[in-house]
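If you read the protein sequences in the order shown, they are chains V and F.
Everything in the first sequence is counted per the working numbering, starting at 4 for the first residue and increasing by one.
Everything in the second sequence is counted per the working numbering, starting at 10 for the first residue and increasing by one.
Note that these hints are calculated values from the structure, not bench results.
A few of these clues could be false.
These stretches of chain F come out as covered by chain V in the derived footprint (C-beta under 8 angstroms, 3 or more residues) [to be verified]: (1) 64 to 70; (2) 76 to 90.
Beta-carbon label-pair distances, calculated as ranges [what the hints assert, rightly or not]: (3) F:G178 - V:Q73: 28 to 36 angstroms; (4) F:Q84 - V:D74: 31 to 39 angstroms; (5) V:R57 - F:G152: 18 to 26 angstroms; (6) F:T99 - V:A64: 33 to 41 angstroms.
Idealized CB from N, CA, C, for every residue including glycine.
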Amino acid sequence: MSDVRVVLPAHLRNLAGVHGEVVVCVAAPVLTQRAVIDAIESRFPVLGGTIRDRRTGKRRAFIRFYACEQDLSNEPPDAPLPDPVAAAIAAGSEPFLVVGAMAGG
Amino acid sequence: MTQVRVLAGTRKGAFVLTSDGKRDKWSVSGPHFGGWEVYHMKGSPADPNRLYASQNTGWFGQLIQRSDDGGLTWQPVGNDFGYAGGDPGTHLWYDGTARPWEFKRIWHLEPSAGDPDTVYAGGEDAALYKSADGGLTWTELTGLRMHSSAPGWQPGAGGLCLHTIILQGSRMFAAISAAGAFRSDDSGETWRPVNRGLHSEGLPDSGAEVGHCVHHVEAHPTQPDTLFMQKHWDVMRSDDGGLSWTEVSGNLPTDFGFPIGVHAHEPETIYVVPITSDSLHYPPDGRLRVWRSRSGGNEWEELAAGLPERDCYVNVYRDAMAVDTLDECGIYFGTTGGQVYGSADSGDTWAPIVRDLPAVLSVEVQVLP
């Protein structure tokens with residue numbers, strides 16, 4: 004179980020009613036993209052469907068996942084996050100970033 | 010004191026415009042959901058303070074917002090809009106291939122006349138949803154999308170959108186671009202196309218049963234069998250509940266357009282905004298005009314007072330016209346240039362309520378006691 008710092012884009016912070024970083028509790032023993040998003044949606048149910056498709060679980064096209072200056076967006080959702088990244092996130096020294104992609108106005 | 014509330018959905022948020030019954034001075038509240046597209050926002054006839062709004066972006070998808078205090082505060086409700094069944098099937102894509110149904114957004118929200126918690130939603134790709142719990146949960150009424158013609162439905166340029174929902178007790182109408190108009194006589198369980206009399210030059214069979222690009226349909230509450238339609242080209246009417254249609258474009262300068270409205274107290278008085286053509290989505294000659302027919306079509310008069318005389322190249326979208334129910338009927342419409350125009354005298358004269366909003370996607374109006 005890890006407390007993970009998460010940075011949400013402004014629109015999702017507004018929806019969730021939060022300011023700045025949030026911390027979510029990831030229950031899974033291994034940090035994966037899916038485990039982090041599960042934890043975000045568990046703490047903020049209003050974000051269901053805004054980061055990934057409710058039915059398919061696929062990341063929405065204009066959402067990106069970054070950490071430690073690495074793009075994790077296209078990592079398999081159930082693959083363990085790369086070790087240096089996972090360790091930094093688990094230790095709380097780096098946040099997991101949910102980013103709205105640069106895609107026009 | 011009577012209050013009039015105009016609900017404007019725009020490309021970058023929602024706005025609530027309020028006035029007293031004179032409708033000459035307006036206050037503006039918003040943007041609500043700033044930065045998000047608000048395709049439609051509509052109040053419940055059963056509880057005018059119950060509002061529903063469709064909020065969407067390409068980044069974060071679809072949300073439905075609900076207000077229980079007339080738009081002062083909002084709460085997100087359910088946004089789980091799936092297609093019923095394990096394999097929802099396919100429709101026709103632009104290139105002629107079969108494409109799986111894929112939910113993109115809600116175009117139109119239609120609250121029930123009698124129950125503020127019951128609301129219908131029209132989606133893209135075309136699907137009709139119903140909520141009976143104030144928008145918390147949604148169920149697809151599959152009878153429409155499972156119609157035998159549905160695998161051949163093809164999106165128009167704006168997408169395969171279900172944009173019109175008319176509720177008449179157990180009878181319902183829905184319209185889809187570019188499939189056409191459909192009618193249900195059993196509260197949405199089963200549907201049949203009602204497009205006889207429509208002709209679309211873009212179809213190999215111009216009078217086909219389905220495939221027509223219907224832009225909007227309206228009906229007056231006291232004449233439920235009479236429907237008025239603005240099609241891609243052609244203004245049409247039906248006097249038999251959609252079973253047959255007759256063109257009533259008459260002397261319009263162009264019969265291309267998107268919205269159509271019906272006067273609140275004169276069921277044969279209708280309004281359109283002629284647009285130059287399907288490739289020139291702005292008014293002819295840069296003059297923004299509403300045209301009114303007091304004879305249910307065919308004979309039209311140009312309404313110009315207070316509207317731009319020149320250099321106006323905006324569009325007016327299909328859900329961006331509304332009428333109020335005051336004794337002197339008010340007409341409202343919004344433009345892609347961010348103006349919302351209002352007329353407090355059935356269209357004789359017009360004035361902008363607000364000029365510089367983001368592009369207006371939808372306009373609805375409520376009269377509050």
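Item checked: V:R57 paired with F:G152, Cβ distance criterion 18 to 26 angstroms -> 23 angstroms, holds
Item checked: Verdict for F:G178, V:Q73 (Cβ pair) under range 28 to 36 angstroms -> Violated, since F:G178 and V:Q73 (Cβ atoms, about 58 angstroms apart) do not stay within the stated range.
Note to self: How does the segment 76 to 90 of chain F fare against chain V when you require at least three residues with a CB closer than 8 angstroms, holds or violated?
What the structure shows: Holds: 3 residues of the segment 76 to 90 of chain F have a Cβ under 8 angstroms from chain V.
Item checked: Verdict on chain V covering the segment 64 to 70 of chain F, criterion of 3 CB contacts below 8 angstroms -> Contact hint for the segment 64 to 70 of chain F vs chain V: holds, 5 residues under 8 angstroms.
Checklist line | Beta-carbon spacing of F:Q84 to V:D74 - inside the hinted bounds 31 to 39 angstroms or not | finding: 34 angstroms, holds
Margin query: Between the beta carbons of F:T99 and V:A64, is the distance compatible with 33 to 41 angstroms?
Written below: Violated, since F:T99 and V:A64 (Cβ atoms, about 21 angstroms apart) do not stay within the stated range.
In this structure, the hints that do not hold are numbers 3, 6, in rising order.
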